[in-house]
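Novice: Residue strings, one per chain:
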Amino acid sequence: MDLNLMEIMGSNAGLYLAFMGSAIAAGLAGAGSAMGVGITGMAAGGVITEDPSKFGRTLVLQALPGTQGIYGLLIAFLIWSKVGVFGGFVDVTYEQGLMLLASGIPVGIVGFFSAIYQGKAAATGCSIVAKRPEETAKAMVYAAMVETYAVLSLLASFLMLNSINL
Amino acid sequence: MAIVNMKKATIIALQDEKESLVKGFQAFGGLHVIGIEDIDDEELKNIPKDSAKEDATRYEGLLSQVKYSLDFLSKYDKAKKSMFAPRAIITESEHKEYLQNLNKVEEIYNQCKAINEKLAENRNMETKLNNTLVQLSPWSQLNVPLEEIGETSYTISLIGFVPSKSVPEFEENLSKSEAEHYFKLIEDNNESAFYFIVFYKQAEDIILDILKQFGWTKVNFTDLKGTASKNIKDIQEKLILQEKNKAELIEQAEALLFNNSYLEALFDVLTIEKDRKDVISNFIKTEKSFTIFAWVPETMVKELEESIKKITDSYLLTFEDPGEDEDFPVYLDNPKLVRPAEMITEQYSLPNPRTVDPNKIMAPFYIMFFGMMVSDAVYGIILAALTFFALKKFRLEGGAKKLIGLLCLGGVSTILWGALFGGWFGGLIQIKPLWFNPTDEPLMMLIFCLILGIIQLFIGMGMKAYVDIKNGRILDALFDQGLWYVFLIGLMLMIFNPAGKYLAIAGAVGLILTQGRDKKGIFSKLFSGILSLYDVTGFLGDVLSYSRLFALGLATGVIGTVINEMSLMLRGSFIGNIFMVIFLIFGHTFNIAINVLGAYVHSSRLQYVEFFGKFFDGDGTPYRPFKVNTKYIEQKN
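Read top to bottom, the protein sequences are chains S and C. Counting in this note's numbering, the first sequence runs from 6 upward without gaps. Counting in this note's numbering, the second sequence runs from 9 upward without gaps.
For the record, the hints were derived by calculation from the structure and aren't laboratory data. Hints are not guaranteed to be accurate.
[Unchecked claim] Rough simulated footprint, nothing fancy, chain S against chain C, three-plus residues with beta-carbon under 8 Å:
{"id": "1", "segment": "544-557"}
{"id": "2", "segment": "565-571"}
{"id": "3", "segment": "605-615"}
Keep in mind it's a predicted model, so treat the numbers as computed, not measured. Ideal Cβ placement from N, Cα and C applies to all residues, glycine included.
Extracted from the complex, chain C is given alone in its bound form:
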């Protein structure tokens, strides 16, 4: 379907023109270069390979330095960069100039690194000082210099703390003891009580015993001289100095900010150069020529030849179709509306190049299910408007663009389903449903969901049949899918008309006879055939899984109602009204967020497990063309 056919191109050209040709290939941007190690050819293995590994490694090293500097500087860049600012344009000659002035990178990098290291040192010091400050703070009232606490010839002095709740008992015990001593409560912060104690050496055992009994924790300040309050003052002064030092360092970093545009341009220039060198490493080299193998989308074949012709006349270009068992890279080409849904498939796995691209069929189901699960028209309007705005205003690329696009389509679908089911802001706005209200007629809604499920599952089986037929396995398609269709349709007809029985029996007999066809021996053939009928329970489970469409839609509606009713209880006074509005906004924002997340996850699940399970064959390699990859600049020739 929409998997683009690829041709394998072999290009042979002259070594002398290698550089300009590589540049041309990159500008052409459609070659998926095949790595030498992936080519299975004994003869080729003996031909020497070209290598630009050294250059590539050098560029890689420089790139990491540029990236480090950019990351570091971005922390201090206060200027808000507008998301829609145009990119800087770099011409060919400027590109060369950048490459000749690479020594500046190292200089900037070293400066950034030095500042960053000093900042880290500053941070560590600050933490250390703050810790000491916390430890010192209870002792600010202690007049004894800290270095004098300890042993003298006859006495021992100690500082430490006990839990506050044991203070009275502790003091009483100390006072009662016969040992001569002095103690003073310095500070009590309701958690710990901090004490200074002096006693004679001969009383050490008695005092220490009492201390132990009350959970005494000894405090030690080595390296500190003078009273605690003096030390606290010192540290506070040091902290101010640290702060100053930090501000200076940040200033230094900010002074480097002017390099930003240079670094950004260089980042892209180096990426372009590195990509070129990486590609050259996949060339096969002879004395005068080089050879390259690459996949090209069928539609770009002519363009490739023209782009080479522009550069040189001496070349040899041949195209081959992919071999019987050769897997080519997968490139999906879908209409604009389907493209966002590619994201869902890509998250799962790219399809095998021999199968089908499910996106065109999956996308409408995904978007429909998403809408049914959110199912509130006002939420849909909000979601669609916000994402539409984001798509128009921001420069989004890749996955982010697809995700926002998908949410936008989901929003539109939500408006539609909300209107059909009469969901308008959780019932705050009373509008009659265009179709029916699922909460009033749950059974009808349930049946509707299951029918949607059956339709999608049948289409999934059809896709499997399509792949089989496409690859020449017509009998497989007929036996595996055709007979299942007959059997299942027969079973379903039985609900309405007993005549469906005959169709079901015919299908079942067919399945029993054919499903064991890979087995040897008549009995194991029959046995596998009968066993295969058991798969009908799997089908039933898959169908029932679609009931989540109803349940999640129900959740949105009822939670919306809960939010409304709770908010409306506040109505009345002026302040009450204000709170009501705040509550409504907050509640509905929450409801939108949680339900959009739920719809995204569960709609994905229905595709992955139920739909893809019927036919999907993954493990495709993504098509990664060799092209100009830029983040900050635009290239101009």
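So that you can see chain S by itself, here it is in the shape it has in the complex:
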């Protein structure tokens, strides 16, 4: 059977695909961050029961896996402003829509997984804070190592997005 997406979705196909792209970027990365921040929060809570004065340090660690969600939203926002969500939709062809969809994928997928694993690394960091609070910076660096890949995927998404001319 010869399926033509264009026929199924009509002339707005490009716009639909662009929205899917932004949904993947913001949705997946945001979900990952929620899990990551939650994982770290659980570990941080354990530390606080012993020593409430470590709230500040653990909060910093907990904030680290939250950035993926922001990166995802950032790419989603750029897609929206490109297709004109904030004032008059522009015409998006089927091919352009696919490109927009693809550009949302890196930050979505990498954001999802990296946020979870960064959350785990930061959770271990919380036990560093509990036992050796003077080494908090090292705990942060371990978590930041994971974030590298989220940053790279953000860059990949951005460069793809930036190359699309509507």
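Let chain S serve as the given structure and place chain C on it in line with the hints.
Specialist: Showing chain C alone in chain S's frame:
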């Protein structure tokens, strides 16, 4: 570079003058005393050591009591202490006086401890009473005295509850059963329904069966007499008494607050004394003399001799350079602007004393990267102004001072980069970039970041070469770094000019020939040489890692724009405008916080992993001079 050279001082002086000399050393504040156990000398091991362990332990015990009292009392100290209040000044004679009146410490400590224990007891009691109160509250309408619930000769009475949703069915089942009984719904809070039930003993099985079926939970109040409502009243009265008792205890604690200044001064006096005793434990003792080994910064050598001369004439003082393999404590001396960045290195590890202090070179990169990642001039102004204010107004010390100083420098750098890239409050203020807008020309920005990375990595390799040359390994520097320079520069030239190929090949051949020089046999030499070329991927990865400079800068800008656009949607009516302003303030505060954190962490990472990875040799021992350490007072002679 900026690792201060140390001399090893050996001081021999008379036992009689020990006390005054120790005091003098402490006032001098530059001796890093070498512990006896760290001295590797067979002969010394047989000479008896001085010991002030007993005194030190006694002072330590007193210190912990003082600290407990201070911590306890600080909870009830309502007077806000200004951060810029001048410290109390303690003279020499007052210092002695404090030491003679130590018995008061125990008294205060015992009082604090007693109050604290009573408070804890009070808290426990309160929780217990409150728990009982919660359990009792559904039964307030039950007129039967609690002690009468239970078995009599012929009947059984019970109280308990079933889930509210099964109430109709439960009651129906009970009514239908042939067993004679009485039940009453006392209270239904929409979650559980509370019942009082009486039945004959012979009907026990039937009734209990029905109860079980509906998830009956039996309630028991042992030890309570009288009706529930009477008990509730009793407990409420008891709780008021508890509250009163607590207020009294807090009053007692507050009455002890006048001791605070005494305790604070004593804390410092005891710390000073304890430090002295700890140092004495590292003395080597003979009948008439004592010996001490310590590291002194080269620049303070004269000062040390003068400070000893002031106290006595009978001494012997010699200085030695550190031995070939002897590690001396690391003391970094950097210009004022670089000092905040020392924090970043210290968090990683202090450099090995034989290598270099990276701070002077790392600091400008760190601050530049920080600015590029935040990259909004208005954020920079806010950050710099706040931290500058904090530096000027608060008495900050140690790590906190360095951190705030670093953020201040980062803020200034942020202003600069924000202006260059045209980032002003997420685009709310439209000012043309002085250089170019990275969002419009991403490729140019990416290349710029990678070039910065290459520059820093090359400098890192240069530092490694410097260390090698400094330690006499000139060939290592030439083969490991020199040839890599040739190879990498050749590779990069190839982008612009095919002639770079020859340079790259020359470098590669050199590397193949030299990188296996530690291996035995021609084949393993060659093999390691060829394998070493694979490191070029590591270099590539390091360079690409600098792309985060662009990505994080991009994040700040775009999130700022999102906040602006969402806020501006509220514009229009009066209330809308108010919400817009609130939203703007809240949003941008959040953006500053998350991006400053990101910039701090990622700029650190670039230094630790990429830059330090090229040359850094850590594990230095920090220089901890024996000096007057005070928290609350100032000493005056």
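Novice: Evaluate each hint against the coordinates.
Specialist: Taking the hints in turn, this is what the structure says about them:
1. 544-557: It holds: at least three residues are needed, and the segment 544-557 of chain C offers 4 whose Cβ sits within less than 8 Å of chain S.
2. 565-571: The restraint on the segment 565-571 of chain C holds, since 4 of its residues have a Cβ under 8 Å from chain S and three suffice.
3. 605-615: Our answer is that it holds, as 6 residues pass the Cβ test (under 8 Å) against chain S, meeting three.
Checked against the numbered hints given earlier, the structure satisfies every one of them.
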